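Q: Chains as they are written, first to last, in the numbering used here: chain A, 1 to 167; chain B, 1 to 450.
Hints listed in this document are in silico derivations from the structure and should not be mistaken for laboratory results. Here the structure is a predicted model, which is why all the values come from computation and not from measurement. Treat the hints with care, as some may be off.
Straight-line C-alpha distance at most 25 Å; calculated DSS-like pairs for lysine-lysine [said to hold, decoys possible]: (1) K278/B with K300/B; (2) K341/B with K105/A; (3) K341/B with K370/B; (4) K14/A with K149/B; (5) K184/B with K141/A; (6) K123/A with K341/B; (7) K151/A with K249/B; (8) K184/B with K26/A; (9) K123/A with K374/B; (10) K14/A with K143/B; (11) K123/A with K141/A; (12) K26/A with K191/B; (13) K370/B with K123/A; (14) K278/B with K149/A; (15) K149/A with K123/A; (16) K70/B with K24/A; (17) K24/A with K149/B; (18) K184/B with K76/A; (19) K116/A with K151/A; (20) K229/B with K9/B; (21) K249/B with K149/A; (22) K24/A with K191/B; (23) K374/B with K341/B; (24) K35/B with K143/B; (25) K184/B with K24/A; (26) K149/A with K341/B.
If you want a taste of the chain A side facing chain B, the calculated C-beta under 10 Å gives, among others [unchecked claim]: (27) P21; (28) S27; (29) L30; (30) V32; (31) L33; (32) E65; (33) V66; (34) Y73; (35) Q87; (36) P90; (37) S94; (38) L128; (39) Y133; (40) Q138.
All residues carry an ideal CB built from backbone N, CA and C; glycine is no exception.
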Amino acid sequence: MSLQFNNEQMTEFKRLVARYPEGKQKSALLPVLHLAQDSFGGWLPTEAMDYVAVLLNIEPIEVYEVATFYSMYNLKPVGKFVFEVCQTGPCMVSGSENIITYIQKQLGIQPGETTKDGIFTLKLVECLGACGYAPMMQVGKIYREHLTKEKVDAIIAEYRMQVAAKN
Amino acid sequence: MGVKLLLEKANVPGIRSYDVYRREGGYSAAEKALKEMTIESIVEEVKKSGLRGRGGAGFPAGMKWSFIAKPEGVPRHLVCNADESEPGTFKDRYLMEFLPHLLLEGLLISSFALGSNDTYIYIRGEYAWVADILEEAIVEATKNGWLGKNILGTGFDCMIHVHRGAGAYICGEETALIESLEGKRGNPRIKPPFPAIQGLWMRPTVVNNVETLAAVVPIIKMGGDEYAKIGVGRSTGTKLISACGNINKPGVYEIDMTISVEDFIYSDEYCGGIANGKKLKACIPGGSSVPILPANLLLKTAKGETRYMNYESLSDGGFATGSMMGSGGFIILDEDQCIVKNTLTLARFYRHESCGQCSPCREGTGWMEKILQKIESGKGEVSDIDLLWDIQRKIEGNTICPLGDAAAWPVAAAIRHFRDEFEWHIHNRELSQTSNFGLQHYADPIHVPA
Ligand SMILES: Cc1cc2nc3c(=O)[nH]c(=O)nc-3n(C[C@H](O)[C@H](O)[C@H](O)COP(=O)(O)O)c2cc1C
Ligand code: SF4
Ligand code: FES
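Just need the whole structure built from these sequences, with the hints factored in.
A: Dropping the structure here:
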């Protein structure tokens, strides 16, 4: 098995499992899948799920069942930055459609797609609990709220810079 | 200015930190509860307060607590429901983000009263940074002796754990939440057994909403009787409302449930009126699951009386002419909004979120979305409206959990009150693609039968 948590990730894994009583380590599955996804490039290949099954001492199928149920787990590779734009009612009445169209145009991709350079993925999602700060999207751990076209441009530029700085 | 019990200190700089929270009188209710009160007297105060669950169903919290089974040698658990995924609702996030210690204090008192040594906060996965804020607060509280072993020398041990979900509205339903906390898919359980008897790991469990548990702090501070004096009738205390949509000041407001809906929308202290000088067309007053009301029925009941922001008044008239307080997600639609389209986005939401266990919900939500999409894109027939009505009726009451009802009600209410807008869409297939039905008669004074 080539996918493995490094020392730091292993420490975090142990901290997560310790929250639940002895013998109830399966309860840590959701948090551990988050950790695995963050550790292994933003998505969960079968290998990662199998690794989690071994760590938690449960059957691989128990992991697959869960990974396919919850919308935050990516079962396919995604770009470095995933734009998850909310499309539900309250955001829609506050102008989310224009923002979605604008992002599509600026990135040249449709929802569900990743840009050729592998930097951006666009996903349409349902209410993220930011309805009063609409239109909005989630990128990684953070929320980008009160979106305007200008703000979208600035955000895209910001992430492009981050990638360029790393190269 | 209305009474503020939860958000009173929200604007104090640094209130997120333990030191400032404590300096402002924080944890004094916990001190009182653990040192001076018995378990019975805490439950009694919560009962007297009349506090009703703030997660949506409005079930009396004290009564729920008194149902918890206490079999010998079996641990009990308190679980805080921070899944907050009902469209229009973002109040729990605000509490946790800005006043994490208020929640922890409420959790500590409640855990003590329920005998929960390991208490879990199930937070929606997307609120990742809020989970971080809570974890930090837990570290601070532990360092200062409010969590851990033998708290305040009482012999009571308590640890609070943050558990992140991973994107599933259904996990807000308490038994689905428990399944998810056990590391499984969020499939609601058939009740009974109720969580109070067999919940998390088959142990007696109480699940309460974030706001409900935070409200325990002022209740202990002031006493249940004093708390019950605020508000009106069975709507005691204060309620957080997350207001959004086409208003000037979207945000989270604490209200004392005596304010009228009209004042809440138009006063500068709250929503500040409809944005861009537009007119009010409709409102979903308690999160996406509750019935939508046209402007006229929102501001006044069918009897022509002023409607207030409380449990009883919002539901006055039943589903025929009223709605519900629900989760406090207050969504305003202005005259430019299309009811068909809004209903479609909600139908899509419920189809996406159905766990798929019951066929009426799984199939019905899919059908409703398809038909609404058809009408919205200018391909609908008049018979589609009746078909929609029929489908929602077949879902309601025929499912394991209330998500089925939650999906049916918005569609039912949209047809009930805005049938002519649906018909207009169908009769004006092309026009409906470029323009809207508009305000029409939806704000006209209602005819009150003598
Ligand atoms: C589909 C569905 C979603 C729900 N989502 C939430 C939620 O996000 N937060 C919440 O507190 N309660 C939610 N509830 C209600 C819970 O099942 C439960 O009644 C509540 O957490 C009890 O807490 P309370 O009595 O303090 O309100 C939901 C119920 C259903 C049927
Ligand atoms: S009503 Fe829907 S969400 Fe609830 S258990 Fe049935 S299929 Fe699942
Ligand atoms: S509807 Fe978009 S965040 Fe709630």
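Q: Taking the numbered hints from earlier one at a time, note which ones the structure violates and give those numbers from smallest to largest.
A: Every hint satisfied by this model.
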